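Using the sequences and the hints, build the whole thing.
Chains as they are written, first to last, in my numbering: chain A, 4 to 259; chain B, 4 to 259.
It is possible that some hints are incorrect.
What the hints assert, rightly or not - Where chain B lies over chain A, by a calculated footprint (3+ residues, C-beta under 8 Å):
#, region
1, 20-31
2, 117-131
3, 141-150
4, 162-168
What the hints assert, rightly or not - Heads up, simulated DSSO-like pairs for lysine-lysine below, C-alpha to C-alpha not over 30 Å straight-line:
#, chain 1, residue 1, chain 2, residue 2
5, A, K211, B, K79
6, A, K79, B, K211
7, B, K182, B, K211
8, A, K182, A, K211
By construction, these hints were calculated from the structure, which means they are not laboratory data. Model, not experiment: these values are computed from the prediction. For glycine and all other residues, C-beta sits at the position ideal for the given N, C-alpha and C.
Protein chains: 2
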Amino acid sequence: MSGGGRIAVVGLGPGDPRYLTPEAAETLASAQALYGYGPYLDRVPVHAGQSRHPSDNREEGARAAAALRDAATGTKVAVVSGGDPGVFAMAAAICEQIEEGPEAWRALDVVFVPGITAMLAVAAKIGAPLGHDFCALSLSDNLKPWELVERRLDAAASAGFVIALYNPISRARPWQFGKAVERLRRHLPETTPVVFGRAVGRSDEHVKVTTLAEADATPADMATLVIVGTRETRVITRPGLSPLVYTPRAAAEASV
Amino acid sequence: MSGGGRIAVVGLGPGDPRYLTPEAAETLASAQALYGYGPYLDRVPVHAGQSRHPSDNREEGARAAAALRDAATGTKVAVVSGGDPGVFAMAAAICEQIEEGPEAWRALDVVFVPGITAMLAVAAKIGAPLGHDFCALSLSDNLKPWELVERRLDAAASAGFVIALYNPISRARPWQFGKAVERLRRHLPETTPVVFGRAVGRSDEHVKVTTLAEADATPADMATLVIVGTRETRVITRPGLSPLVYTPRAAAEASV
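The following block contains the structure:
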C-alpha cells in the first residue's frame, strides 16, 4: 500500500518557463513537498503549503532517498531535475534507491515527467545539428572510468554519430574536455563544426559555433552543452544573421 | 530583407497537449500559415484566419520548400513536427532547403522550437532506461545504406550505449528491425531489457518491456520507439504495478 504517497520526478527543461510543459507545471503545483538541487528549486513557482528541501549538486543518492522516505509516509512529492529527468539527471538515482531500498518503496506511485533536455534546446538555437543519428555522452568520470569515455568517443565518432557532450568540464575535472577533443581529432577533420551552448533560455544565454580545431580553446563550464558534428555537418552563413548548423538527413555513401 | 516573414519549425511532442510547451503553443497561435504532415496538423488548435497546408508523410523536402516560399512573401509560417523538430524530423529538411534555395531564404527569420522527442516520452513511462550514455538511431534505410545502420548498431552496442531506435519498421521496410535485433545479439546478452513504446500520451498508448531474445517477435510499427538497454540495464519488478526499467548512472569497470 502506498498510503496515498506519490513521487514524481519532474523535468524543468533548460530554465525558461516557456519550456516547461503543462504536465510538469501541474505536477509541481499539486506536490506537497519539493526536493532538488537548490538553483533548480528556485525556478519553481511557490505554492502555499508546500515544503521545500533544497540540496547540493552532488547529493543525488541522498536526495532521492529522502524524497522516497517522505513519499512513503503518504506525501505527494516532486523531485525536480533540470532538462529531462531521464538524461544524466534524477530519474536513474530514484530507480537506484527504489531497487536498494525497503520493499515499501516498490509499492509507491512513481511517475516521471519528461522535459526538454539541453541538447534539444541548444540544437534548436542553431538549426538542426542532431539532424541524423546522434548520441549523448557525459564527460564526467566520477561514475565511470575515463578509458570508457574514450572508448565511447572513438565508437561514436568513427561510426558517424553526432555527439552531444554533457558535463564537459568542471573545477574538479579540468582536463577531460581537452582530452576528449584530442581524441575526436583522431576520427574527424579539424573543420568539423562544434556548437557550444550555455544557459539556453536564460538571460545569460550564449551559443557559439566553432570547429574541432578551436574547440579546446573555447571556454566551457558545467552549464555548457557541446555538440560535435560529423563529416557531413554543414554551416550555412547568413548575411547579418547567425549561421545555421545542420546535419543532413541523408548520409553520404562515403561514410560507410 | 525578410519583409516580416518568419518560419518557425515547431515540435508538438508525442501527441498529448500536456507535452506541448508554452513556447510551442504561442508560436502556433501567432502563425498565419501552418504546414505539416496531416495527422500532426490535426493536433493543432484552430485559430481564425490561419491557412492550413497538410501534406503527405514522405514529402519533407517539398513541404519545407513550400513553407519557405510562403514565408518569403512576408507570411508568419509554422511548420509542425511530431516530437522534437531536430530529431529525425523537419528541422534538417528546412535547413537543406535554405542551403539549396534562393538567396532570399537566408535572410528569413528562422526559429526552431524544441519539443519532447519520443525517446524521452517512452523512457519516462517506464523509469530511466536512458540513465547513462545513449544514442538515437533511425532504422530507416531510405536515406542511408543499410550497411551504415549495421555499423552504427555495432559501434553503439559494443561501446555500451543504450540505443533508442526510431522508425523501426514500416510496410515498405518489413525486415530491417529483425535484422537489427539479430545484429545486436552479437554484442548483447539475450536477457538485455528492451522497451517498446507506442503512441505515448495518446488514447492508444502502449508500453511493453521484453528482452533482446523476444524483441523481434514483438509487434512494432512506424509509431513505435524501441529502447535497447545495455549489459547494465536493470528491471525492478513491483507487485501489482508495472516494472521499472533503468540504466544505472555508474558504469561497471567490466564494461571497459
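Hint check results:
With 8 residues having a Cβ less than 8 Å from any Cβ of chain B, the region 20-31 of chain A passes the three-residue criterion, so the hint holds. Counting residues of the region 117-131 of chain A whose C-beta sits closer than 8 Å to any C-beta of chain B gives 11, which meets the bar of three, so the coverage hint holds. With 5 residues having a Cβ less than 8 Å from any Cβ of chain B, the region 141-150 of chain A passes the three-residue criterion, so the hint holds. Against chain B, the region 162-168 of chain A contributes 3 residues with a C-beta closer than 8 Å to a partner C-beta. That satisfies the three-residue criterion, and the hint holds.
Taking the CA atoms of K211(A) and K79(B), the gap is near 27 Å; set against the 30 Å cutoff, the hint holds. Taking the CA atoms of K79(A) and K211(B), the gap is about 27 Å. The hint holds against a cut of 30 Å. The straight-line distance between the Cα atoms of K182(B) and K211(B) is roughly 20 Å, inside the 30 Å bound, and the hint therefore holds. Proximity of K182(A) to K211(A) is assessed by CA-CA distance (about 20 Å); at most 30 Å being required, the pair is judged to hold.
The structure shown violates none of the earlier numbered hints.
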